Amino acid sequence: MAENIKMVEAPAGFSGEGFFATSLDKVVGLARSKSLWPLPFATSCCGIEFMATMAPHYDLARFGSERPSFSPRQADMLLVMGTIAKKMAPVLRQVYEQMAEPRWVISVGACACSGGVFDTYSVLQGIDKVIPVDVYVPGCPPRPEQILDGIMKLQELVKNEKMSRRDSPEYKALLATYGININ
Amino acid sequence: MYSNLSFIPILIQFVFVAGFIATMIAISHYVGPKRHSKNKDANFECGIKQYGNARIPFSVKYFLVAILFVLFDVEVIFLYPWAVNFRDFGVDGLWKMAMFMGLLLVGFFYVLKKGALEWE
Amino acid sequence: MSLTNEIIKQKVEEKFGESVKAFTEADFGLLTFEVDRAKAIDLMQFLRDDETLRFNFLTTMCGVHYPDNELERQFAVVYHMHNWLDNVRIRFKAFLNGDNPEVESATRLFLTANWMEREAYDFYGIAFTGHPDLRRILNMDEMVSFPMRKQFPLEDGGRTDKDDRYFGREPQNSNLN
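Chains as they are written, first to last, in our numbering: chain A, -4 to 178; chain B, 67 to 186; chain C, 2 to 178.
Honestly, I wouldn't trust all of these hints.
[As the list claims (entries may be wrong)] From chain B, some residues computed to sit far from chain A (all C-beta separations above 12 Å):
| hint | residue |
| --- | --- |
| 1 | A84 |
| 2 | N109 |
| 3 | V150 |
[As the list claims (entries may be wrong)] With a cut-off of at most 27 Å between alpha-carbon atoms, the simulated BS3-like pairs for lysine-lysine come out as follows:
| hint | chain 1 | residue 1 | chain 2 | residue 2 |
| --- | --- | --- | --- | --- |
| 4 | A | K81 | C | K163 |
| 5 | B | K106 | A | K157 |
| 6 | B | K179 | A | K124 |
| 7 | B | K127 | A | K81 |
| 8 | B | K100 | A | K29 |
| 9 | B | K100 | A | K157 |
| 10 | B | K100 | A | K81 |
| 11 | C | K151 | A | K81 |
| 12 | A | K82 | C | K163 |
| 13 | A | K81 | B | K115 |
| 14 | C | K16 | A | K82 |
| 15 | A | K167 | B | K104 |
| 16 | B | K104 | A | K82 |
| 17 | B | K106 | A | K154 |
[Said to hold, decoys possible] Derived DEER-like restraints, expressed as beta-carbon distance ranges:
| hint | chain 1 | residue 1 | chain 2 | residue 2 | range |
| --- | --- | --- | --- | --- | --- |
| 18 | A | V112 | B | V136 | 58 to 68 Å |
| 19 | A | D54 | C | A27 | 54 to 64 Å |
| 20 | B | L130 | A | M147 | 54 to 64 Å |
| 21 | A | D54 | B | K104 | 54 to 64 Å |
| 22 | A | R68 | B | L134 | 34 to 44 Å |
| 23 | C | A27 | A | R68 | 56 to 66 Å |
Source of the hints: derived by calculation from the structure; they are not laboratory data.
Small disclaimer: the values here were computed from a predicted structure and weren't measured.
Beta carbons are placed, not taken as given, at the ideal position from N, Cα and C, and that holds for glycine.
So here's chain A without its partners, still in its complex pose (with noise of 0.2 Å):
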């Protein structure tokens, strides 16, 4: 056997002859994390890095990704990629509101994380200004990898979240912010 090969850690539980006795909020994390279907929100350059992305050679699919969708009831996470425009920021809130919970925001690119080199009156000047966002990936544009990178950070995140969460109140707090009211 090679040495190298990196295992991945069981959570923590109570393991017996046959069994693995865990929490649930462990086993839905780990559940939700693997599968993470992607919205890609592509507009500009980033979108392009993206599509190198999911290309066999960085290979997105492998961290679970399998079917990207361009409808948000079906996504789980909104990949926001490239230059948003002043005129397109109710479209990406109007998205981002109709996705299904639990739902989670990574903003690739330097665009869509503060407007980028584009400090202008046209550039939203950062995505968190309409919808709330988990994780930044830097980048003009990112390289694969740095996407990826930023894939499995979300991926820590969604694996540590309690279930309880989308009921909590700091959640519609979070939400009221933006001017989104669930009930």
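Place chains B and C on chain A using the hints.
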């Protein structure tokens, strides 16, 4: 040998399967978490505002082509068993099938004369 | 015989006389001249319909803002036309008043002018009379400023992460803190 009663287990299996599916759907519908908001429940229109109704009148020629296809396709389906037993039915079968197809052919000529298959 | 700039100049001056001026061929032989605001669209129609001139294609049109000019010449609308049949291009400008820039719409002659004029309106505020649907095309509908006018800032003003040292801004001329 097999009597009708020996197929009862299949019926029981079918009831179990249907019951299981219905139960799962019902449980996930009643127990699952729900989120509603005005924007979330709106139809998905790629993020832009929705205008008007999606149901607009469309041309009847699509319906005519589809319905005539169904009719003549069912006729073809009736021809398959005859094709399999062609020799056994003999001349008698040929005459009967010719009558069947002739009746449908009259209908076909009516369709052609009326111009129902004209596309423009 | 081919359609030269001399012939075009002569025909245009013959029809419009005092309304056209400042003929020049400085830009690589492209005939450029100015026309009065009121006669701009009549000139375009003449260029399109005349049998010798036959400028059948409106290549583009745009707006320009000259804040340092006198009040009557602060905005300009520049039209480029192209004669496909003789392969000749032409450019003419109409200067507009700074407080109230308006000119007749070219949509009755060329349908493409519809969006081009909406863009000129969106960025400069130039009103095109007779335009069927004059509203903003590229910027968001709620915007109140006309961004390409020189008095409006290029930057968004909401950025807090830009370091003035890297942008060559001294404390007295930077508009961030």
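Verification of the hints:
With a least CB separation of 26 Å from chain A, A84(B) remains clear of the 12 Å interface cut-off, as annotated. The claim that N109(B) lies off the interface is violated: its Cβ sits roughly 9 Å from the closest Cβ of chain A, which falls inside the 12 Å cut-off. Against chain A, the non-interface label of V150(B) holds: every CB pair exceeds 12 Å, the least being about 44 Å. The suggested pairing of K81(A) with K163(C) holds, with an alpha-carbon distance near 20 Å, which does not exceed 27 Å.
Between the alpha carbons of K106(B) and K157(A) the distance comes to roughly 23 Å, so the proposed pair stays at or under 27 Å and holds. For the proposed pair K179(B) and K124(A), the alpha carbon gap of about 66 Å is over 27 Å, so the pair is violated. Our distance criterion of 27 Å between C-alpha atoms is broken by K127(B) and K81(A), whose separation comes to about 44 Å. Simply put, K100(B) and K29(A) have alpha-carbon atoms about 23 Å apart, close enough for the 27 Å limit, and the pair holds.
This hinted pair checks out: K100(B) and K157(A) have alpha carbons roughly 17 Å apart, not beyond 27 Å. Under the criterion of a C-alpha separation no larger than 27 Å, the hint pairing K100(B) with K81(A) is inconsistent with the structure, at around 31 Å. Of the pairs offered as hints, the one joining K151(C) and K81(A) holds, with about 21 Å between alpha carbons and a cut-off of 27 Å not exceeded. The straight-line distance between the Cα atoms of K82(A) and K163(C) is roughly 23 Å, inside the 27 Å bound, and the hint therefore holds.
In summary, the hint linking K81(A) to K115(B) is supported, as the alpha carbons are separated by about 16 Å, within the 27 Å threshold. A threshold of 27 Å between alpha carbons decides the hint, and for K16(C) with K82(A) the separation of about 45 Å lies outside it, so the pair is violated. A distance of roughly 16 Å separates the Cα atoms of K167(A) and K104(B); the hinted pair therefore holds under the 27 Å criterion. Of the pairs offered as hints, the one joining K104(B) and K82(A) holds, with about 21 Å between alpha carbons and a cut-off of 27 Å not exceeded.
Distance check on the hinted pair: K106(B) and K154(A) sit about 26 Å apart at the alpha-carbon level, within 27 Å; holds. Checking the proposed 58 to 68 Å range against V112(A) and V136(B) shows it holds: the Cβ atoms sit about 60 Å from each other. Taken as a hint, the range 54 to 64 Å holds for the pair D54(A) and A27(C), whose Cβ atoms sit roughly 57 Å apart. The hinted range of 54 to 64 Å is satisfied by L130(B) and M147(A), whose Cβ atoms lie roughly 56 Å apart.
Separated by about 39 Å at the C-beta atoms, D54(A) and K104(B) break the suggested range of 54 to 64 Å. Restraint check, R68(A) to L134(B): a C-beta distance of roughly 37 Å satisfies the suggested window 34 to 44 Å. Under the hint 56 to 66 Å, the C-beta atoms of A27(C) and R68(A), about 60 Å apart, fit the expected range.
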